[in-house]
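S.K.: Here's the letter readout for the chains.
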Amino acid sequence: MINNLTSILDFQAQALSLRSERQRLLASNIANADTPGYKSRDMDFAKALRDATGQQGGGTSLSMGRPSGTAAGRLDTTQSGHIRIGGATSDTNLLYSTAGQPNLDNNTVDMDRERASFADNAIKYEATLGFINGGVKTMLDAIKGTS
Amino acid sequence: MSMLNIFNVSGSAISAQSKRLNVVASNLANADTVAGPDGSAYKAKQVNFQTQFMGADGGPGSAGVSVSSISENQAAGRRVLDPKNPSADADGYVTYSNVNAIEEMVNMISASRSYQNNVEVMNTAKSLLLKTLQMGN
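For the protein sequence lines, the chains are A and B, in the order given. Counting from 99, one number per residue, gives the positions in the first sequence under the numbering used here. Counting from 10, one number per residue, gives the positions in the second sequence under the numbering used here.
In short, the hints are calculated from the structure, not lab data. Just so you know, even glycine gets a beta-carbon here, dropped at the ideal spot from N, CA and C. Any given hint could be a false lead.
Computed footprint of chain B on chain A, listed as stretches where at least three residues anywhere in the stretch have a Cβ under 8 Å from a Cβ of chain B [claimed, not checked]:
hint, region
1, 116-123
2, 216-223
3, 226-235
Pairs of lysine to aspartate or glutamate, DMTMM-like flavour, derived with a Cα cap of 25 Å [claimed, not checked]:
hint, chain 1, residue 1, chain 2, residue 2
4, B, Lys135, A, Glu224
5, A, Lys137, A, Asp203
6, B, Lys135, A, Asp208
7, B, Lys28, A, Asp208
8, B, Lys140, A, Asp239
9, B, Lys54, A, Asp203
10, A, Lys145, A, Asp208
To give an idea of the interface, some chain A residues facing chain B are shown, with a C-beta separation under 8 Å as derived from the structure [stated by the list, open to error]:
hint, residue
11, Ser126
12, Ile128
13, Ala129
14, Asn130
15, Ala131
16, Asp132
17, Thr133
18, Pro134
19, Arg139
20, Phe143
21, Leu192
Could you put the whole structure together from the sequences, leaning on the hints where they help?
M.R.: Here you go:
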């Protein structure tokens, strides 16, 4: 019963943890802007979120109806021999970005792009937080039943 | 709370950049030095950065920076004819350090901008984390 109450938050929770993952990735890129040979990394956010929530399309009613006990979006490993595939932080979701301008020291960090992505990701992180707070508020209002 | 790692990553970056700034300051201070600690002319120094994976998983998600080594520029120093100088050699030439002041200034500006960038990153991460702590309020 309580699972049903909070299941609408599952999707946003996945999105929030992915956003914080990406924020960390972008911070690493900015930190290594002067490191020779460093290759800038980023993630395909839409694909990562699809993988994490186990969706095929891009609809909105994503997390409804999925049994809320299973870890979202990962292939279930029900036996000890099973190999874990996918998941938000797996290395396969990390892509290399191409350098806008080639650099003598083989560093592919484009500071303008990284800063833009960082700001963009921060805003979207806050937006996701806002959605979660809104969901919590809605639920609390429903529980209290006051107008 | 993978975002807490941002403080480690950016912290290592600003520490590396401040070492770079420190080396630039040494070079600029010694731009006109005749003799270095070993008796010969001062050699310009340079820090070498290296990526250091610092997450719990050791993966590429949190890549910090460390200073792997400090190398010396082995180019010959500036030679000036000044026979009256007590440091002059047999031919009357004085060998100064091989520091290029313009290069050092450029290096300094670059280091300072990178430092600022990383401080900015930490500020953003901090405000996001503070808002996360208040989730549900």
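S.K.: Hint by hint, note whether the structure agrees.
M.R.: Going down the list of hints, with the structure as the test:
Under a criterion of three residues with beta carbons nearer than 8 Å to beta carbons of chain B, the stated coverage of the region 116-123 of chain A is upheld, 5 such residues being counted. Check result for the region 216-223 of chain A against chain B: holds, 4 residues qualifying (beta carbon to beta carbon below 8 Å, three or more required). Given as covered by chain B, the region 226-235 of chain A passes the check, having 4 residues with a CB less than 8 Å from a CB of that chain where 3 are the minimum. Note on Lys135/B and Glu224/A: the hinted pairing holds, with a Cα-Cα distance of about 12 Å set against a maximum of 25 Å.
The suggested pairing of Lys137/A with Asp203/A holds, with an alpha-carbon distance near 11 Å, which does not exceed 25 Å. Our distance criterion of 25 Å between C-alpha atoms is met by Lys135/B and Asp208/A, whose separation comes to about 23 Å. For a cut-off of 25 Å, the pair hint linking Lys28/B to Asp208/A stands: about 23 Å separates their Cα positions. In summary, the hint linking Lys140/B to Asp239/A is supported, as the alpha carbons are separated by about 22 Å, within the 25 Å threshold.
For the proposed pair Lys54/B and Asp203/A, the alpha carbon gap of about 18 Å is at most 25 Å, so the pair holds. Of the pairs offered as hints, the one joining Lys145/A and Asp208/A holds, with about 23 Å between alpha carbons and a cut-off of 25 Å not exceeded. Annotation: interface hint on Ser126/A holds; nearest CB of chain B at approximately 4 Å, less than 8 Å. The closest approach between the C-beta of Ile128/A and any C-beta of chain B is roughly 5 Å, which is under the 8 Å cut-off, so the hint is satisfied.
Taking 8 Å as the C-beta cut-off, the interface hint given for Ala129/A holds, the closest approach to chain B being about 3 Å. Restraint check, Asn130/A versus chain B: the minimum CB separation of about 6 Å is within 8 Å; hint holds. The criterion of a C-beta within 8 Å of any C-beta in chain B is met by Ala131/A, whose closest approach is roughly 6 Å, and the hint holds. A least Cβ separation of about 6 Å between Asp132/A and chain B falls short of the 8 Å threshold, and the interface hint therefore holds.
Interface restraint check for Thr133/A: the shortest CB-CB distance to chain B comes to about 4 Å, inside 8 Å, so the restraint holds. Annotation: interface hint on Pro134/A holds; nearest CB of chain B at approximately 7 Å, less than 8 Å. With its C-beta approaching chain B no nearer than about 6 Å, Arg139/A sits inside the 8 Å limit, and its interface hint holds. Among the interface hints, the one on Phe143/A is violated; its C-beta lies about 14 Å from the nearest C-beta in chain B, farther than the 8 Å criterion.
Hint status for Leu192/A: holds, given a least beta-carbon distance of 6 Å to chain B, under 8 Å.
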